[in-house]
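Single-letter residue listing:
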Amino acid sequence: MEGVAFSFSQYVTQTVLHSIVILLVIEISLNVWEVRSPAGRFRYRIQTLFLPMLMYPMFQVLDPSRGSVYFITDRALFNSSTWLSIRLWEVLPLSILFGSILALTAGVTLVQEILPVIQKMLRWETGSPGFSSPPPDLEKKVEEMSNRMGIPSPSIRVLDDAEPFLFVEGTRYPVIIVTRGVLNDFSERELNNALVHELAHILRRSTSITLLAFLARMLMFYNPVSLLVFRRLIQDDEQVCDDLTVSVTEDPEGLASALKTFYFEEPEKAQPGYSSMIDFISTSSHNLLLQERISRLQAAGRETSRPAIGEFVITVVSVSVLCYFIV
Amino acid sequence: MRMLKKVIIFLLVLVALVIALRILNWFGATTAIEGIRRFNSLEEAHHQLRLRTLYLPSYFPDYLEWPPFEILGQTTPYKLVLLHIRNQESKEVVLAIRQVESAEVKPPATRLEPFHAGREEAVQLHEHTALLEEGRCADNAPCTRISWSEQSHHLNVILKDGREEILRIASSMEVER
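The listed protein sequences derive, respectively, from chains A and B. Take the first sequence: its position 201, counting from 1, is numbered 201 in this note's numbering, and each next residue is one higher. Take the second sequence: its position 83, counting from 1, is numbered 83 in this note's numbering, and each next residue is one higher.
These are calculated hints, taken from the structure and not from any lab test. Ideal placement from N, C-alpha and C gives every residue a C-beta, glycine not left out. Worth double-checking, as some hints may not be accurate.
Each pair of labels, with its calculated beta carbon distance range [claimed, not checked]: (1) A:L97 / B:I23: 16 to 22 Å; (2) A:E90 / B:S152: 40 to 46 Å; (3) B:S172 / A:L62: 40 to 46 Å; (4) B:H126 / A:T73: 45 to 51 Å.
Chain B is faced by these chain A residues, among others (derived, beta-carbon under 8 Å) [claimed, not checked]: (5) S29; (6) V32; (7) V69; (8) Y70; (9) T73; (10) L77; (11) I314; (12) V316; (13) V317; (14) S320.
This is chain A alone, in the form it adopts within the complex (with noise of 0.2 Å):
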């Protein structure tokens, strides 16, 4: 049992550790490869997720001998257990520290991300929110724009909610959802742009992909740059799928003017108090990534070739190797 703890937390380590690397290597390749596409963004920095959680069992069947003295002493460019003994003002020792962050970093996936779920399906389960049926237009407007983009035509919903937003929802059988305030709020030309990013995100299977991404991101949920990296892949998605509607609709304005509507109203600074400043945080990130969208929506010259593939797997490689030498 003894054996299997020390694993644990050997793994525990080395994916944290895997993962910095990762991201810093992915982070320069794309600069260095010039890698503006956020299809080929998302492609490099999904690595981020999967290979760190990978990485060790796959080293440990190649080499047992991986965390043993030896190789420590010989071979490692960079041995976790050292640092990790080292007391801060002789006192601290940085595994506490290092800990502390991992505990938090769990803390903060628990509250943002597994609860809302757990919520949701108690919703759910107590009282299906109200759903009414789409106006015939509207189902033969996604039929159309269905069969332009080569798709199957997805059912829709129009959720009883004055608020407004809409998403795709299901695998194999994908349906959108809209709201009644995404009726009534938008114009012709934004419910247009709307209904085709949601088909895009049919088209790419955006639920397949998040769906995964997401339960590399639970496996992880000690991870702070998982967290950071789930995020990031969420927006290079929407980007993706931005992209795909525009050489639909070729109206990047009209998206943009949709995309407007979801901007969250920001307080004017943070109130004192945690659940308030977790608010104003999490809005101001929320309006931040949107103005992203909109900026490069407006901006002339959006780049959406795919990525090399040579230069991708020597990336990958790469990083593989040198997270074979980190202990």
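Based on the hints, put chain B in the right spot on chain A.
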């Protein structure tokens, strides 16, 4: 040409990252008090590990190379000294001496381990009873191992040679102060 430039920049970045990791590792090793470290000489190990006693043999078969090829040690969580001595000609590690100041731990393996024990025998060494084992080393070569406790120290000697030589080496082990 442009691609070649990109590849060179990428490789330079990787080299810089490797150097940075090496520097961080070196800094960690010099700052940390826990964990195993390598020493350049027995004097350095003796001094830095603040050892009160270090058991060293005064008898060595002719084919051994002195000083030890590798000296590893640590102070915390427990004191440990690990010496690896090579054959003069083949430069292969043939003798490992491990001294541990705690009975409650599983110390790191020597370079000759895992040792696959065959015949076991209790032998008298000074006033202590030692366990002499004949078996095979990690590379399947014939090996002998002798283990005993003296004061608070637990000693293991592994030799790629027969029982006569290991008994001579173990019998000659004295405290180096």
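Does the interface hint hold: is V316 of chain A within less than 8 Å of chain B, judged Cβ to Cβ? violated (12 Å)
Could you check if L77 of chain A really has its C-beta closer than 8 Å to a C-beta on chain B? Hint holds; L77 of chain A Cβ to chain B Cβ min 4 Å, cut 8 Å.
For the hint on V32 of chain A, does the least C-beta distance to chain B fall short of 8 Å? With a closest approach of 5 Å, the V32 of chain A hint holds.
Taking 8 Å as the limit, does the beta-carbon of Y70 of chain A come near enough to a beta-carbon in chain B? Constraint on Y70 of chain A satisfied, holds at 7 Å.
Between L97 of chain A and I23 of chain B, is the Cβ distance one that fits in 16 to 22 Å? For L97 of chain A and I23 of chain B the Cβ distance comes to about 21 Å; the hint holds.
Interface hint check: S320 of chain A, Cβ to nearest Cβ on chain B, cutoff 8 Å. Holds or violated? S320 of chain A check fails; min Cβ-Cβ to chain B is 12 Å, beyond 8 Å.
When the nearest CB of chain B is found for V317 of chain A, is that gap smaller than 8 Å? This hint is violated: V317 of chain A lies away from chain B, its Cβ roughly 11 Å from the closest one there, beyond 8 Å.
Closer than 8 Å between Cβ atoms is the bar; does V69 of chain A clear it against chain B? Give me holds or violated. With Cβ-Cβ at 4 Å, under 8 Å, it holds.
H126 of chain B and T73 of chain A, beta-carbon distance inside 45 to 51 Å? violated (32 Å)
Per the CB criterion, is T73 of chain A less than 8 Å away from chain B? holds (6 Å)
Interface hint outcome for I314 of chain A [beta carbon to chain B under 8 Å]: This interface hint holds because 7 Å falls under the 8 Å limit.
Range hint 40 to 46 Å (beta carbons of E90 of chain A and S152 of chain B) holds or violated: violated (26 Å)
In terms of the numbered hints stated before, the structure departs from hints 2, 4, 12, 13, 14, listed from lowest to highest.
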